[in-house]
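**Student:** Turn these sequences into a full structure, and let the hints steer you where they fit.
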Amino acid sequence: GAGVSQSPRYKVAKRGQDVALRCDPISGHVSLFWYQQALGQGPEFLTYFQNEAQLDKSGLPSDRFFAERPEGSVSTLKIQRTQQEDSAVYLCASSSPSSSYEQYFGPGTRLTVT
Amino acid sequence: QKEVEQNSGPLSVPEGAIASLNCTYSDRGSQSFFWYRQYSGKSPELIMSIYSNGDKEDGRFTAQLNKASQYVSLLIRDSQPSDSATYLCAVSAAGNMLTFGGGTRLMVKP
Chain A
993 GAGVSQSPRY KVAKRGQDVA LRCDPISGHV SLFWYQQALG QGPEFLTYFQ
1043 NEAQLDKSGL PSDRFFAERP EGSVSTLKIQ RTQQEDSAVY LCASSSPSSS
1093 YEQYFGPGTR LTVT
Chain B
361 QKEVEQNSGP LSVPEGAIAS LNCTYSDRGS QSFFWYRQYS GKSPELIMSI
411 YSNGDKEDGR FTAQLNKASQ YVSLLIRDSQ PSDSATYLCA VSAAGNMLTF
461 GGGTRLMVKP
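Residue numbers (the numbering used here), protein chains in the order written: chain A, 993 to 1106; chain B, 361 to 470.
Quick caveat, the hints were computed from the structure, so don't treat them as lab data. Mixed in with the good hints there might be a few duds.
No farther apart than 30 Å at their CA atoms in a straight line, the calculated lysine-lysine pairs in the DSS-like style are these [unchecked claim]: (1) B:Lys402 to A:Lys1003; (2) A:Lys1006 to B:Lys402; (3) A:Lys1049 to B:Lys402; (4) B:Lys427 to A:Lys1049; (5) B:Lys402 to A:Lys1070; (6) A:Lys1006 to A:Lys1070.
One side only, chain A facing chain B, incomplete, derived with CB under 10 Å [said to hold, decoys possible]: (7) Phe1025; (8) Glu1044; (9) Ala1085.
Where is the CB? At the ideal position from N, CA and C, for every residue including glycine.
**Tutor:** What follows is the structure, given as structure tokens:
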């Protein structure tokens, strides 16, 4: 079946612009996670949804970062007033209790802030 | 202090050899342990999961877990050049966020 999809795959933003990154999880997966991966490092947790409820947003680096999943499927990560330090790959993953909570990642969105 | 530690490498092994990748973690409440493979410019791909002490084998891959020592390892038998990638160790409480190590870069020389 279809895996996790993300769009756009690449995004270049000028400093100060707002961006919105989309994630479409595997069908039927109730849990959705956002991670940020800087070059040469492992992914770092940002936030987590179970269905439409945002259960953990402890990893969001500032109040410029906001995520939503209003209908419990597609999720959007929004970054307001982008800064150069926001440049990274943003990864989305989904999981399900029926698959032992194994998380499957989408291709990621590479954000470059100039 | 990083909660999941891996040697960054690179770990270089000849084709056909066994590659041994190691990971330690600090949270004794961790219940689920995963190995992901990440090729350059690609996203992490799940290759192994392990939940209880001991060994778990899947093809050329064997994951080993020792909760008392807070240690997870991945063995790759008959290493191939196509195995050259960064291997990420990740741990979690069941159903929760993953905490990743920094990854070990593996290079398999023909």
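**Student:** Next, verify each hint and record whether it holds.
**Tutor:** Verification of the supplied hints:
1. B:Lys402 to A:Lys1003: holds (16 Å)
2. A:Lys1006 to B:Lys402: holds (24 Å)
3. A:Lys1049 to B:Lys402: holds (25 Å)
4. B:Lys427 to A:Lys1049: holds (28 Å)
5. B:Lys402 to A:Lys1070: Satisfied, since the Cα-Cα distance of roughly 22 Å is no more than 30 Å.
6. A:Lys1006 to A:Lys1070: holds (15 Å)
7. Phe1025: holds (6 Å)
8. Glu1044: Glutamate 1044 of chain A check fails; min Cβ-Cβ to chain B is 17 Å, beyond 10 Å.
9. Ala1085: holds (8 Å)
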